[in-house]
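Asker: Going line by line, the protein sequences match chains A and B.
Take 570 as the starting number for the first sequence in our numbering and just add one per residue.
Take 27 as the starting number for the second sequence in our numbering and just add one per residue.
Take the hints with a grain of salt, since some may be wrong.
No farther apart than 30 Å at their CA atoms in a straight line, the calculated lysine-lysine pairs in the BS3-like style are these [what the hints assert, rightly or not]:
(1) B:Lys106 - B:Lys71
(2) B:Lys106 - A:Lys595
(3) A:Lys794 - B:Lys186
Calculated from the structure, these hints are not laboratory results.
Next come the chains, spelled out residue by residue.
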Amino acid sequence: MRAFTYERASSVEAAAQAAAGNREAKFIAGGTNLLDLMKLEIETPTHLIDVNGLGLDTIEATPDGGLRIGAMVRNTDLASHEVVRRDYGLLSRALLAGASGQLRNKATTSGNLLQRTRCPYFYDTNQPCNKRTPGSGCSAIGGYSRQNAVVGVSDACIATHPSDMAIAMRALDAVVETVKPDGSKRAIPMADFHRLPGDTPHIETVLEQGEFITAVVLPAPIGGKQIYRKVRDRASYAFALISVGAIIQPDGTGRVAVGGVAHKPWRVEAAEAELPKGARATASILLADARPTEQNRFKVDLVERALGAAIAEAKG
Amino acid sequence: MQSPIELEISRRNLIVSSAAAVAVTGVAGKAAAQPAGRAMNLTTKLSFTVNGERRELDVDNRTTLLDALREHLHLTGTKKGCDHGQCGACTVMVDGRRVNSCLSLAVMHDGDQVTTIEGLGEPGNLHPMQAAFVKHDGFQCGYCTPGQICSSIAVIEEIKANIPSHVTGDLTAQAQMTAHEVRERMSGNICRCGAYSNILDAISEVAGIKA
Ligand SMILES: Cc1cc2nc3c(=O)[nH]c(=O)nc-3n(C[C@H](O)[C@H](O)[C@H](O)COP(=O)(O)OP(=O)(O)OC[C@H]3O[C@@H](n4cnc5c(N)ncnc54)[C@H](O)[C@@H]3O)c2cc1C
Ligand code: SF4
Ligand code: FES
Ligand code: FES
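One chain only, chain A, in its complex shape (with noise of 0.2 Å):
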């Protein structure tokens, strides 16, 4: 690992602010992901700024009905949550999919958005990776695939983005909420919040330099059947292969988000009329772009089928 100093933030415009113009500065929260990229020095920083105990660890209800959620709620804390569990089951799933108990406890929500790939030639610092070192070259195109995204690829990269949360997100139309160095706020639905891969896969969101996020906002509940299914190698304890989360109403109509397939949490809103047709009729609008390659072509069948089963479970 690099050296790197260290300061606590003191508020949320100070946060911002230390990290204005400066590159090498990056925010910790949990650390889960940022320490492990960080011993592998796939990230360097030089100075790191903890914002933790700026008070962004609440969840709380907005005047229309839906959940503010700090960005420092753990996951373990949003899975738990009251009103998540009960109105928001989607998110609950998710969440109580990825990692472990004890990743969770440290997890937070801003954190896990921002979580980078899991593609193993990102980790593997002796290959040629655009999104690690740009310009050197995709390993994955031509090599071992199998995990790696179907749709919204690009030549450049095939990532996919790995976190379960971010599914359910997606699916509930959350807004990210965020302040600039400047002081400015701005609020970024899901649907923009993460970038394809383009020929620039280094940059995988919209959020620019020192751009602090504070919270993550859920509109008022949506009801319906709300149902996560993740397809992984081992039952628990691993990444998605490919997941479904899905909300479905009592005449079949719905929303889909599927993860595992794209750089960003995919979901076409023209595939979710077909939900009253069935899997099949969805599945195939959904990943009508899709360019898998001989490795992880699988993941197309296997999107299809996990809906079904979604689904039937929902009709159940």
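Put chain B with the ligands on the given structure of chain A with help from the hints.
Answerer: Same frame as chain A, but now just chain B with the ligands:
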């Protein structure tokens, strides 16, 4: 903005292998890079309570909680397996919650209460979970055991506190103390020797789950 020269200093690739050298050179290098009045160091003082005892440390900022416990406080009961959050050998309790001490910086635990395997019980005065692991042969080599025991105790508390898990059927009902729940909740602790069934027996006894 930092000047290119300062950035170059802060990269310090050449001496990365020597923490002591980094600390000395780095302080001078970074002090210049910080705005006036915000001079910062590569080391930080912290004070926390470990197994009921107040401890003060001044550590390199890179020190993980795990290394602080093992290398600085010589509490070697907590083990380093993977150092990347993947095995659970380093599990300790911080403010009553289990965490992977390898993925947390010591300097982020100022004021915290940390409990390690040494703080749970001692020979002659074992914690019930430690005694149950002995009774049920819940280990072979024993390397994962301190983490398994810390996690086991936390799992029982988490179920009692109605924290749901991936296998909880009804999210709105009280979480149940069952073997199925315990297995899922213990998935963050890997045992290379495969002592799992005996570990489950030990936990079941303490939790009052019928086999
Ligand atoms: C072994 C293992 C298994 C895992 N399995 C899963 C899994 O199955 N599913 C899953 O979804 N995840 C999994 N994870 C990942 C885990 O969910 C993430 O590590 C965690 O959510 C990151 O949160 P954190 O608070 O620790 O982030 P940190 O590591 O503290 O931060 C991550 C990034 O977010 C930035 N950041 C944090 N907060 C803010 C903020 N408020 N504003 C701006 N930037 C911010 C940091 O600068 C950093 O770049 C696993 C991790 C491990 C180690
Ligand atoms: S897919 Fe992306 S992260 Fe993986 S090697 Fe290629 S560029 Fe790197
Ligand atoms: S040493 Fe911490 S999880 Fe393996
Ligand atoms: S007893 Fe050997 S690793 Fe678990």
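Asker: If a hint holds in the structure, say so; if it doesn't, say that too.
Answerer: Quick rundown of the hints versus the structure:
1. B:Lys106 - B:Lys71: 24 Å, holds
2. B:Lys106 - A:Lys595: 26 Å, holds
3. A:Lys794 - B:Lys186: The hint holds at about 27 Å.
Hint compliance for this structure: every hint is met.
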